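Peer 1: Chains as they are written, first to last, in my numbering: chain A, 109 to 291; chain B, 12 to 225.
I should point out that these hints are in silico values taken from the structure, not numbers from a laboratory.
Each hint should be verified, as a subset may be incorrect.
What the hints assert, rightly or not - When the alpha-carbon atoms are kept at most 25 Å apart in a straight line, the in silico BS3-like pairs for lysine-lysine are as follows:
no.	chain 1	residue 1	chain 2	residue 2
1	B	K35	B	K24
2	A	K226	B	K85
3	B	K68	A	K150
To be verified - Chain A residues, not near chain B, derived (Cβ > 10 Å throughout):
no.	residue
4	A197
5	T216
6	L219
7	S235
Claimed, not checked - Per the computed footprint, the stretches of chain A lying under chain B, defined by three or more beta-carbons under 8 Å from a beta-carbon of chain B, are:
no.	region
8	117 to 127
9	156 to 170
10	173 to 185
11	252 to 264
As the structure is a computational prediction, the values presented were derived from the model and not from experiment.
Positions of the beta carbon are idealized from the N, C-alpha and C atoms, including for glycine.
Here's the letter readout for the chains.
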Amino acid sequence: MKLGKEEVQKIVLGTLICFGVVYSYFNLLLGPLSKRHAALEKSLVALGPEIAAAKAQIKKTQDIEASAPGRMATTRQVVAMIPEGSPVAWFPPRVSDFFKKQGLEKATTKLNSEVVDKEMAGFRRMSWGIDLPKVGFVPFATAIAALENEEPLVEINNLQIDTTREDVEMQHALLTVSNIVKQ
Amino acid sequence: MALHLNLYHEVVKAKALQRRDPLKLSMYGLAAVVACFAGYYATQLLKLHSINTELGKVRAEFAKLEPDAKIAKKREEELNSQMKAGDLIVKRVENRFYWAPMLEQIMQVVPREVQVTRLVGDLTGDGLRRCQISLDGLSAGADPRKVAEDLRTAIAEKFSPTYKTVTSKFRSLEDGTEMVMLDGKQVPTAIFAINVEFFSGEEKAAQPVRKGKK
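Start from the sequences, fold in the hints, and give me the full structure.
Peer 2: Written out as structure tokens, the structure reads:
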């Protein structure tokens, strides 16, 4: 079969159109579609771990919240032991009353310093100086034992006992204590 | 057998030629390819639509979860901080240094020949606590220096089972100028100052070391 000039032209034109259609299909239609598909899939894959992490975080917090009441029972007990209000208002009278109850009069309490401990969120430590001008050694030691037993939030950091010249039976005691109070 | 003559052979040939027209056949082929391409495109479009819908759902879920997760993280930090503070307070209360037993032990070892004139105790450190005690006094007897020495060693022996690394040293020991009456006799005195040092409690647990990224 012999092709005429017109038919050859038609075939060439047809081939060109065919190439054009294929090129347009892949570059103008399928190309952007594939790119968008890949981008969406990437976003979808990226969101997976984030959702899992968010769910894990919520679950973790729920577990901590569930176990918190038991773990924080002691903290609540501690908080309940601390009176409301400024410690300067309640601590010195409390110390005076305590020593009076122990038979030791004239206890003077003064605030030395205040330390905010970053590890103890919601609490701070206050340092106090307690002056007991006239005490017998044995009643004083008994009072110290009682203080250590009855006031768990109070710790004695420094203790000084001196004999007095006026009365050899009596001593002058100075205590430096720190106690934990609410912030 | 009868002879047939095809007088329309040219017409038949023209029809056959028209039937096998390559342009027409290629147009059919091209149409089939285009149909396949269109079908594939439609399938891809559907896939894209479905993935888009899925992404929309996932995004909505994440948008709902993200604020909750942020609140949860904040709450977790708050709870951990509160629990840590609580644990720390409990630990501090439990690891307190008790002075009363120490005073009792001193009372037990001080003999009647000794008068303690000054006692200073100082506590330092967290966890493992270092306690320094300074004991000043007057000893009396036939050999007052020996009385003071006995007191120094007795303190060390008494404290050793209870506390760690107990050391008891004389800061000073001098003969006293005054004589005192003991058991109806005038006896010489010595003035002493003893430094006692020991440790109490447990050392703080070391923080786990985080490995840095290389």
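Peer 1: Verify this label for me: T216(A) is non-interface relative to chain B, using a Cβ-Cβ cutoff of 10 Å.
Peer 2: holds, 19 Å
Peer 1: Beyond 10 Å from every chain B Cβ: check whether that's true for S235(A).
Peer 2: holds, 12 Å
Peer 1: Is it true that the CA of K35(B) sits at most 25 Å from the CA of K24(B)?
Peer 2: holds, 17 Å
Peer 1: Closer than 8 Å, Cβ to Cβ, for at least three residues: run that test on the region 173 to 185 of chain A against chain B and report holds or violated.
Peer 2: Answer holds; 6 residues pass the 8 Å Cβ test.
Peer 1: Examine each Cβ of chain B, and state whether all of them lie more than 10 Å from the Cβ of L219(A).
Peer 2: holds, 19 Å
Peer 1: Is the Cα-Cα distance between K68(B) and K150(A) 25 Å or less?
Peer 2: Given that 25 Å is the threshold and the Cα spacing comes to 15 Å, the pair holds.
Peer 1: Under the criterion that the straight-line Cα-Cα distance not exceed 25 Å, is the pair K226(A), K85(B) satisfied?
Peer 2: Roughly 18 Å between the alpha carbons, so the hint for K226(A) and K85(B) holds.
Peer 1: For the region 117 to 127 of chain A, does the count of residues with a C-beta closer than 8 Å to a C-beta of chain B reach 3?
Peer 2: Holds: 5 residues of the region 117 to 127 of chain A have a Cβ under 8 Å from chain B.
Peer 1: Take the region 252 to 264 of chain A, compare each residue's beta carbon with every beta carbon of chain B, and decide whether three or more fall closer than 8 Å.
Peer 2: holds (count 7)
Peer 1: Mind taking a look at whether chain B covers the region 156 to 170 of chain A? Criterion is 3 or more residues with CB to CB distance under 8 Å.
Peer 2: With 11 residues close enough to chain B, the hint holds.
Peer 1: Classify the label on A197(A) as holds or violated, using whether its beta-carbon is more than 10 Å from each beta-carbon of chain B.
Peer 2: holds, 22 Å
When each numbered hint is compared with the structure, no violation occurs for any of them.
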